[in-house]
Amino acid sequence: YCDEKKTLALALRAKALGMKVLLDFHYSDTWADPSWQEKPAAWEDDTGSDLEQDVYDFTAQVIQDMNDQGTTPDMVQIGNEINNGMLWPDGQLYLSGDDNYDGLAGLLNAGIDAVRDNEPTTSDGTTTKIKIMIHIA
Numbered sequence: 001y002c003d004e005k006k007t008l009a010l011a012l013r014a015k016a017l018g019m020k021v022l023l024d025f026h027y028s029d030t031w032a033d034p035s036w037q038e039k040p041a042a043w044e045d046d047t048g049s050d051l052e053q054d055v056y057d058f059t060a061q062v063i064q065d066m067n068d069q070g071t072t073p074d075m076v077q078i079g080n081e082i083n084n085g086m087l088w089p090d091g092q093l094y095l096s097g098d099d100n101y102d103g104l105a106g107l108l109n110a111g112i113d114a115v116r117d118n119e120p121t122t123s124d125g126t127t128t129k130i131k132i133m134i135h136i137a
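Residue 45 in UniProt numbering is what sits at position 45 of the sequence shown, and the numbering runs on without skipping anything.
If you are wondering where the hints come from, they were derived from the structure by calculation, not from laboratory data. Take the hints with a grain of salt, since some may be wrong.
Stated by the list, open to error - Pairwise CB distance ranges (calculated):
1) Pro34 <-> Lys131: 16 to 26 Å
2) Thr47 <-> Met19: 21 to 31 Å
3) Pro89 <-> Ala16: 37 to 47 Å
4) Leu17 <-> Pro89: 19 to 29 Å
Each residue gets a CB set at the ideal place from its N, CA and C atoms; glycine is no exception.
Work the whole structure out from these sequences, hints included.
Below, the structure is given as structure tokens:
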């Protein structure tokens, strides 16, 4: 588990060693996997567009902070092991015919939009494209 401060420090070390960086957003206060996708406590009461805004704002802030220190991630993973969705229950997939693909898609798109909106641009106007990954375990 890494908070933003530790993530930024690890990114500095990795880039200094010539490594590429994959940034994996769990969007949880604990580990997220196919059997556990709990919302962060700060977002517990948020649903729908408010929760999508939380995802966007958090993702955008971390990407911008990484850009500011010169460690733009090479790839960003939106959610971790999201076989059954993420940020339950809003983005949960039940796999029983009552799937909530619209809820999951809204959350994923919020994260993707935040990455795209914060891709750095060089002085000559070239945008550094960040690869985006969706992790199905």
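Hint by hint, here is what the structure shows:
At about 23 Å, the CB distance of Pro34 to Lys131 agrees with the hint of 16 to 26 Å. The beta-carbon spacing between Thr47 and Met19, approximately 38 Å, falls outside the hinted interval of 21 to 31 Å. Hint check: Pro89 to Ala16, Cβ distance near 41 Å, so the stated range 37 to 47 Å holds. The hinted window of 19 to 29 Å between Leu17 and Pro89 is violated, with their beta carbons roughly 41 Å apart.
Hint check: violations occur at hints 2, 4; the rest are consistent with the structure.
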